[in-house]
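First to last, the sequence lines map onto chains A and B.
Each residue of the first sequence is one higher than the last, beginning at 0 in numbering that gives the first Met the number 0.
Each residue of the second sequence is one higher than the last, beginning at 0 in numbering that gives the first Met the number 0.
Simulated from the structure, these hints should not be mistaken for laboratory data.
These numbers come from a predicted model, not from an experiment.
Do not rely on the hints blindly, as some may be mistaken.
[As the list claims (entries may be wrong)] Below, simulated DSSO-like cross-link-like pairs (lysine-lysine); rule was C-alpha separation at most 30 Å, straight line:
id, chain 1, residue 1, chain 2, residue 2
1, B, Lys181, A, Lys73
2, A, Lys221, B, Lys54
3, B, Lys220, A, Lys73
4, B, Lys181, A, Lys45
5, B, Lys94, A, Lys221
6, A, Lys55, B, Lys17
7, B, Lys86, A, Lys45
8, B, Lys94, B, Lys17
9, A, Lys55, B, Lys77
10, B, Lys94, B, Lys181
11, A, Lys168, A, Lys221
12, A, Lys221, B, Lys77
13, A, Lys45, A, Lys32
14, A, Lys73, B, Lys86
15, A, Lys24, A, Lys12
16, B, Lys36, B, Lys142
17, B, Lys220, A, Lys45
18, B, Lys86, A, Lys55
19, A, Lys221, B, Lys219
20, A, Lys32, A, Lys168
21, B, Lys220, A, Lys221
22, B, Lys54, B, Lys86
23, B, Lys181, B, Lys77
24, B, Lys46, B, Lys142
25, B, Lys46, B, Lys219
26, B, Lys86, B, Lys46
27, B, Lys77, B, Lys219
28, B, Lys54, A, Lys45
29, A, Lys168, A, Lys45
30, B, Lys86, B, Lys142
31, B, Lys142, A, Lys221
32, A, Lys12, A, Lys73
33, B, Lys142, A, Lys55
34, B, Lys219, A, Lys45
35, B, Lys93, B, Lys181
[Stated by the list, open to error] Now the in silico label distances, taken between C-beta atoms and shown as ranges:
id, chain 1, residue 1, chain 2, residue 2, range
36, B, Val172, A, Val200, 29 to 39 Å
37, B, Gly114, A, Glu178, 21 to 31 Å
38, A, Asn17, B, Leu31, 55 to 65 Å
39, B, Gly185, A, Pro34, 31 to 41 Å
40, B, Tyr162, A, His210, 27 to 37 Å
Positions of the beta carbon are idealized from the N, C-alpha and C atoms, including for glycine.
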Amino acid sequence: MEIDEQSRWHLVKELMGNQRVLLGKQVTHGLKKSPAHILHYLSYYKFAAKMVGSNKRVLDVGCGEGLGTWILAKECGQVKGVDFAQEVINVGQTNWSSQSNISFECSDFLTLSAESWDAVVNFDVIEQISPENVQNFMTGIINNLAEHGITIVGTPNLNSQAYVSEISKLGHVNVYSPELLEEEMRRYFEHVFLFCANNEVIHAGFLPFAHYLIVIGCKKRKSLLDYYPPLNVPTSERKNT
Amino acid sequence: MSQDEKKPLKNNVKPLLKDELIELGSVWSYNLWNDPKRLAFVLARYKFAAEMGCKQRIILELGCSEGIGSPILGEFAKQYTGIDMDKEAIVSAKKLFGNPEINFIEDNFLGNRYGTFETVISLDVIEHIQPDHESLFFDTIIKNLGSDGIGIVGTPNLTSVPYASPGSQVGHVNMFSAERLKSTMGHYFHNVFIFGINDEIVHTGFAAMAHYLICVGCYKK
């Protein structure tokens with residue numbers, strides 16, 4: 000029996016059910032003000048999800064409203080998102096409270112009790128951590144990583160800062176060049192893989208032109224003392240060494 | 000810039016080029032005659048492998064053929080060694096690309112150890128390895144790697160078989176899907192990352208639609 004287009008579309012709609020997703024203030028603002036930025040942000044998460052792989056336990060540090068955290072949950076397995084702003088945590092909790100593989104916690108990451116995660120990811124976080132706190136931050140990541148766990152860090156490239164808004168500049172107190180980010184990670188991990196992101200494309204191209212940097216660390220060092228340079232020198236002072 | 004300023008610049012370029020020509024061996028001459036864009040794809044795979052695991056490292060390539068990847072790998076690496084059982088290919092590789100940092104050995108590498116390397120790369124090789132030699136192939140990668148070694152293996156995706164040339168289909172006896180390549184590498188490395196390559200673009204998109212697969216393993220088990 001022939002059915003018309005509208006009835007056929009109705010069948011499609013029925014299959015979709017009646018679920019709803021709430022976009023919080025941050026994502027809404029982004030979507031209206033610079034929608035491409037949301038695309039880029041989600042593509043970083045997709046990249047991380049593919050790198051982590053399936054059947055893993057992932058901790059998302061600085062998860063915001065949890066849209067990227069949800070990508071990790073769908074692709075990787077069990078995910079927990081932490082952020083220190085209750086408002087953004089509420090959005091994630093509202094959306095995905097019925098799902099057993101994703102949870103959120105409002106917490107200062109550094110006070111989070113150490114667990115054994117297969118991966119710790121953080122995007123747009125490390126550039127907001129003052130250089131003297133980076134060691135604490137990285138140690139927090141290490142303490143939360145399983146023996147064979149990996150960490151993925153995403154942050155704007157130093158070279159992109161000439162083009163960012165005043166608001167972003169205010170929050171960015173610790174922006175890395177590719178070389179410094181790699182060096183930072185090498186203090187904690189034996190293996191470091193550095194990628195460039197330009198818009199939604201993630202590649203292994205010429206680093207100075209990367210808009211954004213994504214770095215993967217594997218095989219955490221047994222002792223932080225087995226690697227140069229001195230740990231207590233803030234990154235800002237290591238630039239010319 | 001005035002004409003006068005341009006002229007000396009132009010005259011300065013030519014002397015910078017050395018009086019050097021390369022005549023490619025039979026494999027790459029064939030490729031360039033019949034499917035020249037393939038060189039772009041192949042160099043893209045090498046460049047990605049170089050970015051991932053060659054910077055300032057001592058590296059080994061298993062199945063280097065005529066050494067077409069050695070200039071890119073060698074640019075990143077501290078020391079490069081390429082192995083291939085094709086005698087003619089190794090003669091060509093040595094002649095075209097050999098230098099104190101880049102050396103080639105004619106050998107069937109299966110089961111052999113050539114030293115302790117920081118990275119072992121093998122592109123377009125495993126699909127030519129008989130299934131009953133597959134574990135020997137991976138064992139060979141592992142036995143040439145130091146404890147903090149990285150292994151990089153690239154091969155056409157199983158899903159690309161219907162589109163392969165007759166020549167490729169004859170030679171390809173052990174095709175991998177992304178899942179099987181990742182899980183096999185996972186037997187040897189704790190951390191394994193798999194990428195798809197379509198033409199010269201490396202990505203992490205839907206694996207079945209990747210034409211080519213490249214897998215990076217680290218943290219040896």
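So, going through the hints one by one against the coordinates:
With a C-alpha separation of about 19 Å, the suggested pair B/Lys181 and A/Lys73 falls inside the 30 Å cut-off, and the hint holds. For the proposed pair A/Lys221 and B/Lys54, the alpha carbon gap of about 23 Å is at most 30 Å, so the pair holds. The straight-line distance between the Cα atoms of B/Lys220 and A/Lys73 is roughly 28 Å, inside the 30 Å bound, and the hint therefore holds. For the given pair, B/Lys181 sits about 18 Å from A/Lys45 by alpha-carbon distance, which is consistent with the 30 Å threshold.
With a C-alpha separation of about 45 Å, the suggested pair B/Lys94 and A/Lys221 falls outside the 30 Å cut-off, and the hint is violated. About 54 Å separates the Cα atoms of A/Lys55 and B/Lys17, which puts this hinted pair outside 30 Å; it is violated. Proximity of B/Lys86 to A/Lys45 is assessed by CA-CA distance (about 44 Å); at most 30 Å being required, the pair is judged violated. Proposed proximity of B/Lys94 and B/Lys17 is supported: the alpha carbons are some 16 Å apart, at most 30 Å.
With a C-alpha separation of about 35 Å, the suggested pair A/Lys55 and B/Lys77 falls outside the 30 Å cut-off, and the hint is violated. Simply put, B/Lys94 and B/Lys181 have alpha-carbon atoms about 36 Å apart, too far for the 30 Å limit, and the pair is violated. Distance check on the hinted pair: A/Lys168 and A/Lys221 sit about 36 Å apart at the alpha-carbon level, beyond 30 Å; violated. Among the hinted pairs, A/Lys221 with B/Lys77 is consistent with the structure: their alpha-carbon atoms are about 26 Å apart, no more than 30 Å.
Restraint check for A/Lys45 and A/Lys32: the C-alpha separation of about 22 Å stays at or below 30 Å, so the hint holds. As the CA atoms of A/Lys73 and B/Lys86 are separated by approximately 50 Å, the hinted pair breaks the 30 Å bound. As the CA atoms of A/Lys24 and A/Lys12 are separated by approximately 28 Å, the hinted pair is consistent with the 30 Å bound. Of the supplied pair hints, the one linking B/Lys36 and B/Lys142 is violated, its CA atoms being roughly 35 Å apart against a limit of 30 Å.
Simply put, B/Lys220 and A/Lys45 have alpha-carbon atoms about 27 Å apart, close enough for the 30 Å limit, and the pair holds. For the hint pairing B/Lys86 with A/Lys55, the CA-to-CA distance comes to about 46 Å; that exceeds 30 Å, so the pair is violated. Between A/Lys221 and B/Lys219, the direct Cα distance comes to roughly 15 Å. Compliance with the 30 Å bound is thereby established for this hinted pair. Simply put, A/Lys32 and A/Lys168 have alpha-carbon atoms about 17 Å apart, close enough for the 30 Å limit, and the pair holds.
Distance check on the hinted pair: B/Lys220 and A/Lys221 sit about 16 Å apart at the alpha-carbon level, within 30 Å; holds. Restraint check for B/Lys54 and B/Lys86: satisfied, since their Cα atoms lie roughly 29 Å apart, inside the 30 Å limit. Pair hint B/Lys181 plus B/Lys77 holds up; C-alpha atoms about 28 Å apart against a cutoff of 30 Å. Distance check on the hinted pair: B/Lys46 and B/Lys142 sit about 24 Å apart at the alpha-carbon level, within 30 Å; holds.
Restraint check for B/Lys46 and B/Lys219: satisfied, since their Cα atoms lie roughly 23 Å apart, inside the 30 Å limit. Of the pairs offered as hints, the one joining B/Lys86 and B/Lys46 holds, with about 25 Å between alpha carbons and a cut-off of 30 Å not exceeded. A distance of roughly 21 Å separates the Cα atoms of B/Lys77 and B/Lys219; the hinted pair therefore holds under the 30 Å criterion. For the hint linking B/Lys54 to A/Lys45, the alpha-carbon distance of about 26 Å falls within 30 Å, and the restraint holds.
Note on A/Lys168 and A/Lys45: the hinted pairing holds, with a Cα-Cα distance of about 26 Å set against a maximum of 30 Å. Taking the CA atoms of B/Lys86 and B/Lys142, the gap is near 24 Å; set against the 30 Å cutoff, the hint holds. Between B/Lys142 and A/Lys221, the direct Cα distance comes to roughly 24 Å. Compliance with the 30 Å bound is thereby established for this hinted pair. Under the criterion of a C-alpha separation no larger than 30 Å, the hint pairing A/Lys12 with A/Lys73 is consistent with the structure, at around 22 Å.
Simply put, B/Lys142 and A/Lys55 have alpha-carbon atoms about 29 Å apart, close enough for the 30 Å limit, and the pair holds. Restraint check: the Cα-Cα separation between B/Lys219 and A/Lys45 comes to about 26 Å, which is no more than 30 Å; the hinted pair holds. At most 30 Å may separate the alpha-carbon atoms for a hinted pair to count; B/Lys93 and B/Lys181 exceed this at roughly 33 Å. Between B/Val172 and A/Val200 the Cβ separation comes to about 35 Å, which falls inside the hinted range of 29 to 39 Å.
Checked against the hint of 21 to 31 Å, the C-beta distance between B/Gly114 and A/Glu178 comes to roughly 30 Å, which is consistent with it. Judged by the Cβ atoms, the range 55 to 65 Å given for A/Asn17 and B/Leu31 holds: they are separated by roughly 58 Å. Our hint of 31 to 41 Å for B/Gly185 and A/Pro34 holds, since their Cβ atoms are close to 38 Å apart. Range check, B/Tyr162 to A/His210: about 34 Å between beta-carbon atoms, so the 27 to 37 Å window is met.
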